[in-house]
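There are 6 protein chains.
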Amino acid sequence: MAWTRPSGRQADELRPVRFERRFTRFAAGSVLAHCGETQVLCTVTVQPGVPKFLEGSGQGWLTAEYRMLPSATPQRQAREFMKLSGRTQEIQRLIGRSLRAALDMKALGERTLTVDADVLQADAGTRTTAITGGYVALCDAIAYLLSTGELEASPLRHQIAAVSVGLLHGEAFLDLDYPEDVAAEIDFNVVMTEELALIELQGTAEEGSFSRTQLNQLLDIAETGIGELLKLQQQALRSS
Amino acid sequence: MAWTRPSGRQADELRPVRFERRFTRFAAGSVLAHCGETQVLCTVTVQPGVPKFLEGSGQGWLTAEYRMLPSATPQRQAREFMKLSGRTQEIQRLIGRSLRAALDMKALGERTLTVDADVLQADAGTRTTAITGGYVALCDAIAYLLSTGELEASPLRHQIAAVSVGLLHGEAFLDLDYPEDVAAEIDFNVVMTEELALIELQGTAEEGSFSRTQLNQLLDIAETGIGELLKLQQQALRSS
Amino acid sequence: MAWTRPSGRQADELRPVRFERRFTRFAAGSVLAHCGETQVLCTVTVQPGVPKFLEGSGQGWLTAEYRMLPSATPQRQAREFMKLSGRTQEIQRLIGRSLRAALDMKALGERTLTVDADVLQADAGTRTTAITGGYVALCDAIAYLLSTGELEASPLRHQIAAVSVGLLHGEAFLDLDYPEDVAAEIDFNVVMTEELALIELQGTAEEGSFSRTQLNQLLDIAETGIGELLKLQQQALRSS
Amino acid sequence: MAWTRPSGRQADELRPVRFERRFTRFAAGSVLAHCGETQVLCTVTVQPGVPKFLEGSGQGWLTAEYRMLPSATPQRQAREFMKLSGRTQEIQRLIGRSLRAALDMKALGERTLTVDADVLQADAGTRTTAITGGYVALCDAIAYLLSTGELEASPLRHQIAAVSVGLLHGEAFLDLDYPEDVAAEIDFNVVMTEELALIELQGTAEEGSFSRTQLNQLLDIAETGIGELLKLQQQALRSS
Amino acid sequence: MAWTRPSGRQADELRPVRFERRFTRFAAGSVLAHCGETQVLCTVTVQPGVPKFLEGSGQGWLTAEYRMLPSATPQRQAREFMKLSGRTQEIQRLIGRSLRAALDMKALGERTLTVDADVLQADAGTRTTAITGGYVALCDAIAYLLSTGELEASPLRHQIAAVSVGLLHGEAFLDLDYPEDVAAEIDFNVVMTEELALIELQGTAEEGSFSRTQLNQLLDIAETGIGELLKLQQQALRSS
Amino acid sequence: MAWTRPSGRQADELRPVRFERRFTRFAAGSVLAHCGETQVLCTVTVQPGVPKFLEGSGQGWLTAEYRMLPSATPQRQAREFMKLSGRTQEIQRLIGRSLRAALDMKALGERTLTVDADVLQADAGTRTTAITGGYVALCDAIAYLLSTGELEASPLRHQIAAVSVGLLHGEAFLDLDYPEDVAAEIDFNVVMTEELALIELQGTAEEGSFSRTQLNQLLDIAETGIGELLKLQQQALRSS
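The listed protein sequences correspond, in order, to chains A, B, C, D, E and F.
Going left to right, the first sequence walks through residues 1 to 240 as this note's numbering numbers them.
Going left to right, the second sequence walks through residues 241 to 480 as this note's numbering numbers them.
Going left to right, the third sequence walks through residues 481 to 720 as this note's numbering numbers them.
Going left to right, the fourth sequence walks through residues 721 to 960 as this note's numbering numbers them.
Going left to right, the fifth sequence walks through residues 961 to 1200 as this note's numbering numbers them.
Going left to right, the sixth sequence walks through residues 1201 to 1440 as this note's numbering numbers them.
Rather than coming from a laboratory, the hints here were simulated on the basis of the structure.
Quick caveat: nothing in here was measured; it's all calculated off a predicted structure.
Any given hint could be a false lead.
[To be verified] When the alpha-carbon atoms are kept at most 27 Å apart in a straight line, the in silico DSS-like pairs for lysine-lysine are as follows:
1. B/323 <-> A/52
2. E/1066 <-> E/1043
3. E/1043 <-> F/1252
4. D/951 <-> C/563
5. D/803 <-> C/532
6. B/292 <-> C/563
7. D/803 <-> E/1066
8. B/346 <-> B/292
9. D/826 <-> A/83
10. A/83 <-> B/346
11. B/323 <-> C/532
12. E/1066 <-> E/1012
13. F/1252 <-> A/83
14. D/826 <-> D/803
15. A/106 <-> A/52
16. B/323 <-> B/292
17. A/83 <-> F/1306
18. A/83 <-> E/1043
19. D/772 <-> E/1012
20. F/1306 <-> E/1043
21. A/52 <-> F/1431
22. C/563 <-> F/1306
23. B/292 <-> F/1306
24. D/826 <-> B/323
25. E/1043 <-> B/323
26. C/586 <-> C/532
27. F/1306 <-> F/1252
28. D/826 <-> C/563
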């Protein structure tokens, strides 16, 4: 390989991933998701009602908000105020779309789930960690609604996980950390279901371009990573 | 095919595409790009200097703004005010990234090109039309800078075009118009160079998910469409 | 004359004026109005309901929005955001008031017409071009409402046109272009009906002051110009 | 006359006008201007420097801000926040332009005068009262700058006063109060110099239209009113 | 005493205090409160209805807004726009809480009183002057509601007054003016009822800290001042 | 006692308090402070330079930002956007003032410390927990600056802790939790130094009023609580 990972990881090796469930008490689901040094607090809260365009449809909704705490990065970053950056809006739209794919909205009924992804520490991969951790919090929130009788049947229809992959010196690597993210020529975010079906695919050439062969290498490695994340989510959800 | 196109087009057939160059006079490049009923006015203006993070680097910059006129859609849409929607921000970031890939920023030098993409009429595909038409306006702006002696050599290093593709009833279709866009299960935007190398790939499952086989079908059809757009751009640029 | 017009026009001569009807398809009325190099896209859209202060009155309303595209001027201008400039607000209030004078609001009924005046190219006289072109788009919108049976009788009660006049070296000139607008001591906008009755009169001494004799000279020349504009509107509306 | 004034005033009679100079202590000029029940606190403050577009020109500048206190009207009005209404912006631009006409900006030198017109009580005519009272405060501010030696010669070159006139039942009336303002078909604001030369003329047909004959009647009556206001300003400025 | 007051006042001596009732005509209560050079226009307006959280409770509400006119201070201050400063928000919350303590909200019924405190001139003590003067305006507003029959019984249950006290060179002083306010180590605002019971106590060490002994000295002197203010309010309210 | 604490605590008993130091890695100081169920992440970051009003003074500055995560409360709360609530601004000003009292700004030199207090879980007492925990994070940040040689001597001059106290049924209680906070008639926040000297005292009668005797009871109990908090801070700082 032309690129040796600073962390010593293999090209297709994830960083250590961990989900601390019930990190806070008031949200229906609350998970502190760790992916290496990246830490995202994912909470799911439930509110009655749905946005205007769904009123009376009998369907539910899920929306996401994403923010970084100012101290999450080595240089303090000002809080976003007055208007969200384009980057933040893109990320929270991606999180929302991805986790909506987990749900049967008819079965959820006219209630709104809000996924708040607050990044406590950022070492790249915050959006994919938010999706993967957000799924765990979503399961806890659904379990809570079932336990209180608010829901009779689970609206969960897919397990969802996400990972970033990238090209460095023309080769594919899994789960980039910050120094790798900066060095990567191509940066991909991949969201998949429990069957490794694609939900979302976003790839950008920061420099140069990429071929369809390279695209396939990136997707192969993403499948490996997501396969592992799906298992780690299951393990976390089995533990009480 | 399970889906018959309302327009009678073939699955891999573009809508009629046309570039009206020099549509307005004050911008260095000004192109009214038509793609079927979609009309986007793409202008490129030149300003000295670069954003803070590039000052003193000797490199230039290109940035994009995207807006819809309120009367561009069948129902009047309010102008975006106070804050841009997430959709608008995503689109203008995509246009900017895609057209930056056309340029050698060192050769451009410390000046900023602004691509304004104002949608006069929207019938789906506005962001890809903005990129494809924006490339033509960019060529005109560079030609202008060369003619005035502001630039000695062209910083253009790649030709760029973009197209949307989507899955309808599980099959791949090129260049969706509005009724198709609404009906599509999967929606992709693809940006490529003159060699059909990938610059950007964004695919979202609005409903369901997609396999890697389907991804390949979508990319095949996108290559066909972009190949044609590259020729149409060349024709437009050859005409005086 | 102390001032020779750069364009060679007579003191009481309009620039070439042209109205491209049905410039876009989705608005009820859509006119690209040209006045010399000035180009304003005037669209009229129809929405049910009226502002709060008119609810239940049986009366309709007309409101206007005015913006310049960033590339409309030789130097790119930033889009107005967060707050509209005082100039923009003055202009859109003027357009709204002037075109409301064309209508019998009772006959319009409880619907709101929105006139969007988007300046594609600015060479002075944008607000008066927006009014004169907006009237043509308004006629098309009313014709559309009559053709669909939404309206049974036309609420149009006056034809409206507007022109700018100014004093240069103490003499009155019609329809100033940009270099003249900058040089003018006194700048007037005049809005009149088909009978040359005054609807709005706004004059500002940018430098010095003006006498009532000069005011009369300005109004004489404005009457000439508006007389001609009224004919050009009629011609445009007669052509299919 | 078809209209009998509720106040019993003659058609060409002003309301009682009074200027309380030095109403507050910290501004260079501070005048509480009364025109009937209308009360506007006009202050003039002086700051070094000028806006960017004048830097290095050796010229000074005057700018105006206009606001209503929430309790100035019979129904409390919310403070303008986030964005100023079009009405407020039009008014403060008018006040600024009118009072700039009083000054020789070269003689003022590179300093900025800010006229704050805060309406304590509103019974129509607030903008013209702000101009007429603002002129008195401006004289006090200039006198202060002369007394401290900041200025060696007065930059005042014109005396400025303003009045509103309107058509009611087709006839011209001077200085409308609130019930008249609401009933008027045509509403004019007129700003003139000590020689009754016109500085600004703004007339709007709220209903119907007006002829040039009526315009002349309105201007005749405005001259009468402004003539009187010019004398009242002089009297106020002579008193210590 | 280590500190000699620039004004020659005793340590426990108020500045001259005066309440001009009915300063403007349209508000139910309108008082121009003077405390030395500090002038605050306090108006109370009445609106039907209450904020959401009180709807249907049968209780009324009182809210306050506080602003400085730009010319209130020796250096002109920009108007607060887009967002209120933290200082302004703290002050208007304090005024609101303090004057709510004067009222039996059940007896007021579902209406909202708005206290606008607009500082015309600022020489320290503006927030306490706003409370003390606002109480007088509140009494006038209640009297008005009783006189019109809108209220049958007075909801006033406490008389409220406020004063500032501070430590200078370690000793307690009453009613600081601006030069004292700047020099004070400790700054207290004290709000009390007619029985000298405490409603609000806010003390901040700008420099150093303070002991409980000093706190008691400050409260002793505040009681003296508030005792006097309570009498002055009564006198003002007795005069017609 | 008329009030029995739901938690079974004594009137002068704190909730369990715990400081998790180095909770995140990128800030110079990072402490997750627990006070019962209340959890506040307090980070201190260091930036070169100071606000304008201190430039060139040789002095440093400390500022604070306070926010609640949306999921911190049983009902999800919208993020504050566009403008901060008055409550939030009051709190962050209080945190900033209180922690500035800990520092010798001359010894800090021209650098700015930012204390971010992000409430992960809110059960009353968030502002006092932010101050008490923020002090621990501040010590860690100063130790870091000493360890890197950025500072030669510690600018810490006071230890700072804060607690809330309140009156319930007329008696004083320490460290109110949420159900108590809602029920309290009087609510006090007290900030003190290592010598129990007062830095800040803020008391508000939500209902009724309070006597000076009650004030003294509240301060007695606050001294007890702060004495304990000072010891807990010391213990946390001694542990590595």
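To see whether the hints hold, each was checked on the structure:
1. Of the supplied pair hints, the one linking residue 323 of chain B and residue 52 of chain A holds, its CA atoms being roughly 20 Å apart against a limit of 27 Å.
2. At roughly 33 Å between alpha-carbon atoms, residue 1066 of chain E and residue 1043 of chain E are farther apart than 27 Å, so this suggested pair is violated.
3. Among the hinted pairs, residue 1043 of chain E with residue 1252 of chain F is consistent with the structure: their alpha-carbon atoms are about 20 Å apart, no more than 27 Å.
4. About 40 Å separates the Cα atoms of residue 951 of chain D and residue 563 of chain C, which puts this hinted pair outside 27 Å; it is violated.
5. Distance restraint check for residue 803 of chain D and residue 532 of chain C: the Cα-Cα separation of roughly 20 Å lies within the 27 Å cut-off, and the hinted pair is therefore satisfied.
6. Annotation: proposed proximity of residue 292 of chain B to residue 563 of chain C holds, straight-line Cα distance about 25 Å (limit 27 Å).
7. In summary, the hint linking residue 803 of chain D to residue 1066 of chain E is not supported, as the alpha carbons are separated by about 36 Å, beyond the 27 Å threshold.
8. With a CA separation close to 16 Å, the supplied pair residue 346 of chain B and residue 292 of chain B stays within the 27 Å bound.
9. A distance of roughly 42 Å separates the Cα atoms of residue 826 of chain D and residue 83 of chain A; the hinted pair therefore is violated under the 27 Å criterion.
10. Straight-line distance between C-alpha atoms of residue 83 of chain A and residue 346 of chain B comes to about 32 Å, which puts the hinted pair past the 27 Å bound.
11. Restraint check for residue 323 of chain B and residue 532 of chain C: the C-alpha separation of about 25 Å stays at or below 27 Å, so the hint holds.
12. Distance check on the hinted pair: residue 1066 of chain E and residue 1012 of chain E sit about 16 Å apart at the alpha-carbon level, within 27 Å; holds.
13. For the proposed pair residue 1252 of chain F and residue 83 of chain A, the alpha carbon gap of about 25 Å is at most 27 Å, so the pair holds.
14. Between residue 826 of chain D and residue 803 of chain D the alpha-carbon distance is near 33 Å, which puts this suggested pair outside the 27 Å criterion.
15. For the hint linking residue 106 of chain A to residue 52 of chain A, the alpha-carbon distance of about 16 Å falls within 27 Å, and the restraint holds.
16. Of the supplied pair hints, the one linking residue 323 of chain B and residue 292 of chain B holds, its CA atoms being roughly 23 Å apart against a limit of 27 Å.
17. Taking the CA atoms of residue 83 of chain A and residue 1306 of chain F, the gap is near 36 Å; set against the 27 Å cutoff, the hint is violated.
18. Pair hint residue 83 of chain A plus residue 1043 of chain E holds up; C-alpha atoms about 14 Å apart against a cutoff of 27 Å.
19. Restraint check for residue 772 of chain D and residue 1012 of chain E: the C-alpha separation of about 46 Å exceeds 27 Å, so the hint is violated.
20. Annotation: proposed proximity of residue 1306 of chain F to residue 1043 of chain E is violated, straight-line Cα distance about 32 Å (limit 27 Å).
21. For the suggested pair residue 52 of chain A and residue 1431 of chain F, the alpha carbons sit about 54 Å apart, so the restraint of at most 27 Å is broken.
22. The hinted pair formed by residue 563 of chain C and residue 1306 of chain F fails the criterion: a straight-line CA distance of about 42 Å is larger than 27 Å.
23. Proximity of residue 292 of chain B to residue 1306 of chain F is assessed by CA-CA distance (about 32 Å); at most 27 Å being required, the pair is judged violated.
24. Restraint check: the Cα-Cα separation between residue 826 of chain D and residue 323 of chain B comes to about 41 Å, which exceeds 27 Å; the hinted pair is violated.
25. Pair hint residue 1043 of chain E plus residue 323 of chain B holds up; C-alpha atoms about 16 Å apart against a cutoff of 27 Å.
26. Note on residue 586 of chain C and residue 532 of chain C: the hinted pairing holds, with a Cα-Cα distance of about 16 Å set against a maximum of 27 Å.
27. Pair hint residue 1306 of chain F plus residue 1252 of chain F holds up; C-alpha atoms about 16 Å apart against a cutoff of 27 Å.
28. Of the supplied pair hints, the one linking residue 826 of chain D and residue 563 of chain C is violated, its CA atoms being roughly 32 Å apart against a limit of 27 Å.
Going down the numbered hints, you'll see the structure goes against 2, 4, 7, 9, 10, 14, 17, 19, 20, 21, 22, 23, 24, 28, while the others check out.
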